[in-house]
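**Student:** From first to last, the protein sequence lines stand for chains X and R. At position 238 of the first sequence the residue is numbered 238 (UniProt numbering), and the sequence of numbers has no breaks. At position 288 of the second sequence the residue is numbered 288 (UniProt numbering), and the sequence of numbers has no breaks.
The set of hints was computed from the structure by calculation and includes no laboratory data. We put the CB at the ideal spot given by N, CA and C, even for glycine. Fair warning: there could be bad hints in the mix.
What the hints assert, rightly or not - Derived CB-CB ranges, DEER-like:
(1) 155/X with 49/R: 36 to 42 Å
(2) 20/R with 81/X: 52 to 58 Å
(3) 288/X with 20/R: 35 to 41 Å
(4) 20/R with 186/X: 37 to 43 Å
(5) 268/R with 46/X: 58 to 64 Å
(6) 63/X with 27/R: 38 to 44 Å
(7) 277/X with 268/R: 30 to 36 Å
(8) 289/X with 69/R: 45 to 51 Å
(9) 15/R with 189/X: 17 to 23 Å
(10) 285/X with 58/R: 36 to 42 Å
(11) 63/X with 146/R: 24 to 30 Å
(12) 146/X with 61/R: 49 to 55 Å
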Amino acid sequence: MKFPKLSAPTLLLLPAIIVLAAVIVLPLLFSLYSSFTPFRLTKPESIWVFIGVRNYVSVLTNYEFWAAFGRTVLLLTIALNAEMFLGLGLAMLVNKATRGQRILRTLMMFPMMFSPVLVGFQFKFLFNDNIGFINNALQSLGLTTNAIPWLIDGNLALFSIIIAEVWSSTSVFAILILAGLLAMPQEPVEAARVDGCTPWQTFRYVTWPYLMPFAFIAMTIRSLDVARAYDIVKIMTDGGPAKRTELLWTLVGRTAYSDARMGLANAMAYISILLSILFTVYFFRKLAAARQQIGAEW
Amino acid sequence: MDKNSSHRLKRRWLKVAHFIGLFLAMLVICMPGLWIVLSSLRPTVEIMAKPPVWIPRDISLDAYRAMFGGAGQGGIPVWEYFRNSLIISITSTIIALIIGMAGGYAFARYKFKGKSGVFLGFMLTRAVPGIALSLPLFMIFARVGIIDTHFAMILIYVALNVPFTIWLIDGFFRQVPKDLAEAAQIDGCTRWQAFWQVEFPLAGPGIASAGIFAFLTSWNEYALASQITRSVNSKTLPVGLLDYTSEFTIDWRGMCALAVVMIIPALTLTFIIQKHLVSGLTFGAVKG
């Protein structure tokens, strides 16, 4: 027997490639195929019927789908920006602290240990209109007399979900930006101060460009699992009330498992996969660019 | 007031503001978790009380006793879920680490064509949302007949963890200077020996933290587990948490207690790796 000689890196990467191909790429190809069929779980033979792009057409002309799509993009935009700003603020606060930094850093990582399911459940508990901490606190402080229906009113529910999402992921940004702050050389900051920069100018033109790659690493990590919002939403509202918090992912899950329309759900899933991949590639390239800029300037 | 003392006053104010800001931020971060712990120790009557009872009067471990005692409260088999979670998470972590070490070493030490492309490709597989992946996996696994088994979940979690493990381990191997392994080889080690006796021990702590990270991902995963696991055979804790909700009522106290049980291993493990995790992720942030 003769094997073609494989180079060392190929050999080392082979197990990873095999596993990823078997568990992720192949199933995805299969689901790509089934998105062109009217496959229903209840009618297994329907997998062999080819209907072309009809699923995609019906998805793309579906109002509910676009509503969910828009809501997902809105949620991600608000949540990611808020996480970025709050994370930056938190990192600067902790960085300024003169004592107890170790303890503060540990506390800061607290939300990262929570599984998204736990985050969802915990905020469902806190935002409960009847026995939740938030309403209890507001009422005890006399700020409001009646219970605010946090998870029952459509707009408030989306707001509550954003709060939960931001709470759980801000620490990713904070931790990584703090790492950047700690690794930063002090001379440029001092030089800027000597040259008469205001604190804002120092931050804007010296500190911030240096922190950029760290912020983008955080963004890349977050974009790798933006879909963790699925768990949170699933637990907190399950897409309700009246589909006012339905995101792309919960819609996919509902179409696939409750309505058993796998073919249609796969077509939707493909659109959501493209969205995630777009996010990831975008931030990955930003990361590379920011890295190069830093490399050129320092 | 002269300029000096007004400056000093301003500084003091800033210091106080900084302290208050920090305190508030930490309060927001820690409050929800502490509230869960507190609620798990209180009787249901007190949780449900209207007007709210702020100072707990009746603290007990009843919820935990009910959960782990026999069939448990409401017949939720927490022990089985716990066992499933442990088996699935530990096995998948070990396999993912072995595969990740091989991959990470390849990225850190070799130059080959399309390196960054392959790396990005690996990362993109991680970007596929769990729920989207669960549809084809559900169909295939149902056909093969491994729905609701440990094997299916382990397989999935290995694939889920490999990309990130490679990213982390790649970073840790790069921090080990290349010269060390080369020196060992000059002294008569084979490449294999040089790896195990020089590079592996130096990257060891980092690899351990990559392992803990992989463990936590499997421990916490929900979207896929909720579709692939069906019964006591393979249900994990995050899926089990939903057993406490029924159509109209939620057993808040029981849920809080289970949440605490879930969070304790995660808390301890994250605490151990925090330093290595950040350095592994950010290595090469500046040097490229």
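**Student:** Against this structure, judge whether each hint is valid.
**Tutor:** Okay, the hints, checked on the actual structure:
For the hinted restraint 36 to 42 Å between residue 155/X and residue 49/R, the CB-CB distance of approximately 29 Å leaves it violated. A C-beta distance of roughly 25 Å is found between residue 20/R and residue 81/X, which places it outside the suggested range of 52 to 58 Å. Evaluation of the 35 to 41 Å hint for residue 288/X and residue 20/R yields a pass: the beta carbon distance comes to about 40 Å. As the Cβ distance of residue 20/R to residue 186/X is approximately 27 Å, the hint placing it in 37 to 43 Å is violated.
Taking the beta carbon of each, residue 268/R and residue 46/X are about 49 Å apart, not inside 58 to 64 Å as hinted. The beta-carbon spacing between residue 63/X and residue 27/R, approximately 42 Å, falls within the hinted interval of 38 to 44 Å. Range check, residue 277/X to residue 268/R: about 35 Å between beta-carbon atoms, so the 30 to 36 Å window is met. For residue 289/X and residue 69/R, the Cβ-Cβ distance of about 58 Å falls outside the hinted range of 45 to 51 Å, so the restraint is violated.
For the pair residue 15/R and residue 189/X, the supplied restraint of 17 to 23 Å holds, since their beta-carbon distance comes to about 20 Å. A beta carbon spacing of about 57 Å between residue 285/X and residue 58/R contradicts the range 36 to 42 Å that was offered as a hint. Taking the beta carbon of each, residue 63/X and residue 146/R are about 38 Å apart, not inside 24 to 30 Å as hinted. The given range of 49 to 55 Å is broken by residue 146/X and residue 61/R, whose C-beta atoms sit roughly 36 Å from each other.
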